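Residue numbers (our numbering), protein chains in the order written: chain A, 1 to 306; chain B, 307 to 608.
Think of the hints as simulated: they come from the structure by calculation, not from any bench.
Some hints here could point you the wrong way.
Quick list of the computed label-pair ranges, beta carbon to beta carbon [said to hold, decoys possible]:
1. B:Pro335 to A:Glu64: 20 to 28 Å
2. B:Leu357 to A:Ser136: 24 to 32 Å
3. A:Ser136 to B:Arg604: 35 to 43 Å
4. A:His84 to B:Arg340: 28 to 36 Å
5. B:Arg340 to A:Arg130: 31 to 39 Å
6. A:Arg130 to B:Arg352: 13 to 21 Å
7. B:Gly358 to A:Arg120: 16 to 24 Å
8. B:Lys364 to A:Ser57: 48 to 56 Å
9. B:Pro335 to A:Pro167: 37 to 45 Å
10. B:Lys364 to A:Gly185: 41 to 49 Å
11. A:Arg120 to B:Leu357: 48 to 56 Å
12. B:Ser545 to A:Arg130: 52 to 60 Å
13. B:Ile384 to A:Ser136: 52 to 60 Å
Just so you know, these numbers come straight off a predicted model, no measurement behind them.
Note that beta-carbon positions come from the ideal geometry of N, C-alpha and C, so glycine has one too.
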Amino acid sequence: MPLISTQSLTKRYGSSVTALDGLTLDVEPGIIGLVGANGAGKSTLLKILLGLLKPTSGSATVMEMDVATRGPEIRQYVGYLPEHDCLPPDVSATDFVSHMGRMAGLPPAAARERTAEVLRHVGLYEERYRPIGGYSTGMKQRVKLAQAIVHDPKLLLLDEPTNGLDPAGRDEMLDLVHRTGTEFGIATVVASHLLGEIERVCTFLLAIDAGKLLQSAPISSFVERTGTLGVEVEDGADALAERLAGAGLTARVDGRSVLVDCPDERPYDIVRDAIDEMGLSLTRLEQRRHRLEDLFRAEGRTDDAA
Amino acid sequence: MTRREAAVAPRESATGAIYDLGYQGYDGPRLGRRAAFATLFWASLRAAFGLGRSGRSKIVPWGLSAIMIVPAAVAGAIQAIAPGGLSPFNYDNYLWDLSPILALFVAAQAPELVSSDQRNHVLSLYFSHALARSDYALAKLGALAAALFILAVAPLLVIFFASILASTDVAGAFGDQLGNLPQIIGSPVIHAVPLAALGLAIASFTPRRAYATGAIIAVYLVTGAVGEILSEAGRGRLSQVAPLLNPWVLLDGTRTWLVGKGVPDSPVSDANLDLWVFGLLTGVLTAIAIAAVLWRYRRIAA
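Assemble the whole structure, with the sequences as input and the hints as a guide.
This is how it looks when you write it as structure tokens:
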């Protein structure tokens, strides 16, 4: 059964802004990464799935329930972490998460019990009894995740869960999201503009751009096709590119770098040997595939070829 | 409850074993929309009195509650010491005399109930649960009306019990006073519902608490002042309808019409109008205010 399914879903704000443009997709359960630049329509899609926004045209179903007619029913089984701040400052995390659990239909005792459990899961201990206003951004993100899972949802919609976090906080949050998705078995959609984050935690990737579906595939197949190795040398980039092309690799010059397509692990050895034999001084060697721009550029090329 | 992860790993320590039970799923009942409505109503009613909040947010509602009750308590005490003395307060004039306190409570607590949810974007969380937008509006309206009812009924009950206990024949006094119950309950209801509706209609339109408080106070002051000026300066029909511009006069007129007697020398007694006019206008204003709140929450982005 498809977890989420949309048919030519379109959302326009006013007459000029088109957030979603005839989006059609089918998603199976798993941890799904929804990737796109800011303004690509990620948040709009999530809000339509929740029934917070009405689409201009087209239709969508979540767990085979139509969002237009069965919104309240869907929302009972969905947890939502909004992109922006959404916590009252003058209430403690315990009181707030428990309140949200009851809003989601849990009886009082179950709400208290599950609040304690999910707050422990997200790593909030003594501070849970203090007002949220005094929390760090990282702690607030944890409370947002806790309120989204307190009612044991079947589907979790996370909008930029690492928003505003420092690198360590990002790692912890991604780890939490991954554990929530795998150990708890809750189908999860993670919206992010950072492909690197999506790649770390997700099994399936949806890429959208300007409200259109760009790519929908398991993450493994995606990474293979778009892997690019950036080789930056002092000088002699042209010669290196020529030599690598001679060895059967797809290589092109980009400033002082040579960009090598890496469909598998073979190019790494060839690049290493070539640099060594040509006596070039290597300044930088990096994976370029994790960058969103590259992903979208690679897609453009594929389209041209086809 | 089911346990999705079977692995139970005891970890020995000095104080005992810690069991990692893994993640517990939830298979119990999900109570749905009506339970969500009730939860929001009770949480908002508690918030109106600052319960479960910091000490600072209790100062205003508790202070106003105290000011509301103290005159009734003092009058009751005097009655107990010197029975037969004439109390300055009765069920008819109490809410009229202390109406500024009710106004301040609405001005302070209506924004507390709705502005903060908008400013902190908590609304998008509420609307992503099994709650309709109209449910949110009605739960907040109900909570504020209930809070105002409690605030208004408490001093009337103090008068009620004081007059029973102060009399020499307690049982007989109880019987006499029972006849006043419709007024003791009705009069606070007549004040609470329209005031809550008007207060929320104003407060729901801004996420800024201070603006909402200022706007509510301004509406009460300005309408009252305009009504006063027109009745002093105007002539003929204009001065006749002037009392209708003051919300307090409207409420007192409605109360007089439905459950009580007029307060001597009040604008209602002085006005040359049928009492049902006050009631009709109060009803229309309340309906418009409730419609405005519902409209606001249907349109608001979340």
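For each hint, the structure was consulted:
1. At about 22 Å, the beta-carbon gap between Pro335 (chain B) and Glu64 (chain A) stays in the expected band of 20 to 28 Å.
2. Restraint check, Leu357 (chain B) to Ser136 (chain A): a C-beta distance of roughly 27 Å satisfies the suggested window 24 to 32 Å.
3. For Ser136 (chain A) and Arg604 (chain B), the Cβ-Cβ distance of about 36 Å falls inside the hinted range of 35 to 43 Å, so the restraint holds.
4. Look at His84 (chain A) against Arg340 (chain B): about 29 Å separates their beta carbons, and that is inside 28 to 36 Å.
5. For the pair Arg340 (chain B) and Arg130 (chain A), the beta carbons lie near 32 Å from each other, so the given range of 31 to 39 Å is met.
6. Hint check: Arg130 (chain A) to Arg352 (chain B), Cβ distance near 19 Å, so the stated range 13 to 21 Å holds.
7. The hinted range of 16 to 24 Å is satisfied by Gly358 (chain B) and Arg120 (chain A), whose Cβ atoms lie roughly 22 Å apart.
8. Between Lys364 (chain B) and Ser57 (chain A) the C-beta distance comes to about 50 Å, which sits within the given range of 48 to 56 Å.
9. Look at Pro335 (chain B) against Pro167 (chain A): about 42 Å separates their beta carbons, and that is inside 37 to 45 Å.
10. Checked against the hint of 41 to 49 Å, the C-beta distance between Lys364 (chain B) and Gly185 (chain A) comes to roughly 43 Å, which is consistent with it.
11. At roughly 26 Å, the beta carbons of Arg120 (chain A) and Leu357 (chain B) sit outside the given window of 48 to 56 Å.
12. Here the CB-CB span from Ser545 (chain B) to Arg130 (chain A) is close to 58 Å, well matched to the stated 52 to 60 Å.
13. Roughly 56 Å separates the CB atoms of Ile384 (chain B) and Ser136 (chain A), a value that falls within the hinted 52 to 60 Å.
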